[in-house]
Amino acid sequence: METLINFLPSIIIIFTMFVVTLLIALYSTYGERKVAAFLQDRIGPNRAGPWGLLQPFADGVKMFTKEEIIPDSANKFLFILGPSIAMICCLMTSVVLPWGGELTLFGKTFYLQAVDLNIGVLYVFAVVSVSVYGIMIGGWASNNKWSLMGAIRGSSQIISYELSMGLSIIALVLMTGSLSFRDIVNQQHGGILHWNFLMQPLSFLIFLICAFAECNRSPFDLPECETELVGGFHTEYSSMKLGFYLFSEYINMFISSAVISALFFGGFNFPGMDWLLETTHSTNIVTMVGVGAYFMKIFFFIFFFMWVRWTIPRFRYDQLMNLGWKTLIPLALVNLAVMAIIEMFKHQHAFGF
Amino acid sequence: MQTSFTNRKLVLEQKEMNIWERMYLPAIVKGLAITISHFFRKPATIRYPEQKRTVSEAYRGLHILKRDEIGAERCTACGLCALACPAEAITMEAAERKPGEENLYREEKYASKYEINMLRCIFCGFCEEACPKAAIFLEEDFAVANYTRDTFIYGKDRLVEKPKQGTKAFDIVKVGRERELN
Amino acid sequence: MIASVFYFLSFVSIFFAVMVVVSKNPVHSVLYLILTFFSIAGHYLLLNAQFLALVHIVVYAGAIMVLFLFVIMLLNLNAATEPVKSSLMKFAGAIAGGSLMLVLIAVLSKINSIQPAHEVNTQIGLIKNLGKILFTEYNLPFEVASILFLVAMIGTVILAKKNPHTS
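Chains as they are written, first to last, in my numbering: chain A, 246 to 598; chain B, 7 to 188; chain C, 297 to 463.
Bound conformation, chain A alone (with noise of 0.2 Å):
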């Protein structure tokens, strides 16, 4: 019992951030064909309820009553699988990210986020890594040409960026000093000046690429490039498999936003947050305006992805390998070498000079 009330906190947050990354997702799809429209000096849609809003539920309906079709060739169980474990994964990543403070309430004190793990950026790459089983194994099993070659092309995108990614962290680990999301966003307390972002803009710029790429989102939607690849990985699912597959990738996008925000631009921290607390001395109060300034820089990099993605065209494959592997390691290299001279210095005394 004892236990039990020791993780209701945790248990609580859980399912709130699982149904608010669910209707973001949701909204993602609608913000997405909203900005799309803005962008290109549409209207987008509008006829589902007030200004559209209930279009995505209209969507969502669609998407639940059209005919489920598997391929008679296709491996059955591993054709299921494979958008289950794209769903999952996204899922997943939710729970090492510090959603906000400390909250005080019912003389206890929270602070708002499930697991704080001591290596929790670790996690979210792992958790990433295997996401990208979701897209081989669909691709793998429908058994459709079109569908390997998308699959290949994801697997051998998300790897490649993958490094990158990791190491324009790793730079930004060694000025940390902490692998824990909640340490990392603390850091960055007082002030947009002590943002990460312009503590290490070359970490952002490269992690900010490479998001894009392991979100599958253009310019680097190589694996469902309809030009090319029919529908890519997932041209045979269909149904709400064929959903799973579209909001996982919206929900990647929703975490990428979240882990940037987190990492590079102070997370729940806002300009203002030491006087806002000496003005109305409850914590309760920053806490809840942290979170909103949290889901602000959400919003905005959600945003910023669909910003992206009606601006600029997508990559040729050989330049995407190209940019991975000949630009942003050796860019995230020399970045990580540069950062590891920089702390050297700032810890003198730590080698006894």
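Check each hint, because a few of them may be wrong.
What the hints assert, rightly or not - DSS-like mimics (lysine-lysine), calculated; alpha carbons at most 25 Å apart, straight line:
id, chain 1, residue 1, chain 2, residue 2
1, B, Lys115, B, Lys174
2, C, Lys320, C, Lys386
3, C, Lys457, A, Lys390
4, A, Lys591, C, Lys424
5, C, Lys428, A, Lys591
6, C, Lys458, A, Lys571
7, B, Lys48, B, Lys104
8, B, Lys36, B, Lys119
9, A, Lys321, C, Lys457
10, B, Lys21, B, Lys72
11, A, Lys307, A, Lys353
12, B, Lys168, B, Lys119
13, B, Lys48, B, Lys58
14, C, Lys457, A, Lys571
15, B, Lys72, B, Lys170
16, A, Lys571, B, Lys21
17, B, Lys48, B, Lys36
18, C, Lys320, C, Lys381
To be verified - If the Cβ cut is set under 8 Å, some of the chain A residues that face chain B in the computed set are:
id, residue
19, Phe283
20, Leu284
21, Asp286
22, Arg287
23, Ile288
24, Ser463
25, Trp555
26, Thr556
27, Ile557
28, Phe560
These aren't lab readings, by the way, just hints derived from the structure by calculation. Given the structure is predicted, the values throughout are model-derived calculations rather than measurements. Glycine residues also receive a C-beta, built at the ideal position from the N, C-alpha and C atoms.
We have chain A already, so just place chains B and C on it with the hints.
Frame of chain A, contents of chains B and C only:
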């Protein structure tokens, strides 16, 4: 290398990109600025069923069979429109006007049946040009939609102009419609 | 509690390891191998070595197995392309494997309880402690391992490069 015969060939000079251009980032930022400027622009959309684009007066939409100033049908079933029609979309049957129908039909002969197949019609407007009595016109309505093909054969009920209020034809048509309803 | 989790994980890892060998389809084998890696990562977690568990997933399940899967999917191996082994080979394999199992059983049955060689620090698997140990006590092996990786990398580049004499 093949020589140019016209001397109009433009030789494209590809300059080596400098480091600033090779980074691509300034170009990407410029592109992002261009797209975001469109974000705040007024949308060019016309919300169709509610808003309609104004069409020119000469627009050739669906046909209408006109009435004259007292409300009588102008068409005399001469068949010139059917003859002029390149798509052979028009058919009609003529009938003789009976005494007492002077307010309904302008001439002694009138079209008792007048059908246009809107699926065949190419909206060229030749019928309009051929008509000696200024009876048929192509108006502004367009985009008809239905589920079955035979509904696209428009009879007189849908082609003839609604009589204006105050004309004798208006009363006759009204009485006729009321009788039908009863 | 911990013991039952341990037995469950052990059962799972052994079961999937057997499935790797037994399953006909090479792609299925690779997928079972991935599941085996996951259960081994679970064992690391039981040992309070979270860092190792995650690195195990990132490196083995996330990178190496993807490349494996890659190659197998592209080769399009199926039952028709499987080489037929002679019964003599099967017989020899069974004898070799069986004798190895015999030795292992004989050795393990002699041991009553397995004692750690020296007192184990249960916090050693956490990333801070692991990092400190790696960069102080085991610095030389660590650096040698990195040189090994460098050599492997250079070897790959040389292999992948086109030979100017043959092409």
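_Restraint check for Lys48 of chain B with Lys104 of chain B, where alpha carbons must lie at most 25 Å apart_ = violated, 60 Å
_For a C-alpha distance cap of 25 Å, please report whether Lys320 of chain C and Lys381 of chain C respect it._
Status holds; Cα separation ~14 Å.
_Proposed proximity, Lys457 of chain C with Lys321 of chain A (alpha carbon, max 25 Å)_ = With a Cα-Cα distance of about 40 Å, the restraint between Lys321 of chain A and Lys457 of chain C is violated, given a limit of 25 Å.
*Does the alpha-carbon distance linking Lys457 of chain C and Lys390 of chain A stay inside the 25 Å limit?*
Distance ~28 Å between Lys457 of chain C and Lys390 of chain A Cα, so the pair is violated.
*Per-residue hint verdict: Thr556 of chain A, partner chain B, C-beta under 8 Å*: holds, 4 Å
*Is it true that the CA of Lys571 of chain A sits at most 25 Å from the CA of Lys21 of chain B?*
With a Cα-Cα distance of about 22 Å, the restraint between Lys571 of chain A and Lys21 of chain B holds, given a limit of 25 Å.
*Any CB of chain B closer than 8 Å to the CB of Phe560 of chain A?*
Violated, because the Cβ-Cβ distance from Phe560 of chain A to chain B comes to roughly 11 Å (cut-off 8 Å).
_Cut-off 8 Å, beta-carbon criterion: hint that Asp286 of chain A touches chain B_ = holds, 5 Å
*asked:* The hint names Ile288 of chain A as touching chain B; please verify it with the least Cβ-Cβ distance against 8 Å.
replied: holds, 5 Å
*Hint consistency between Lys591 of chain A and Lys424 of chain C [alpha-carbon to alpha-carbon, up to 25 Å]*: holds, 19 Å
*For the hint on Ile557 of chain A, does the least C-beta distance to chain B fall short of 8 Å?*
Holds, because the Cβ-Cβ distance from Ile557 of chain A to chain B comes to roughly 6 Å (cut-off 8 Å).
*Given the proposed pairing of Lys307 of chain A with Lys353 of chain A, does the C-alpha separation stay at or below 25 Å?*
violated, 45 Å
Consistency with the previously given hints fails for numbers 3, 7, 8, 9, 10, 11, 24, 28, ordered from lowest to highest.
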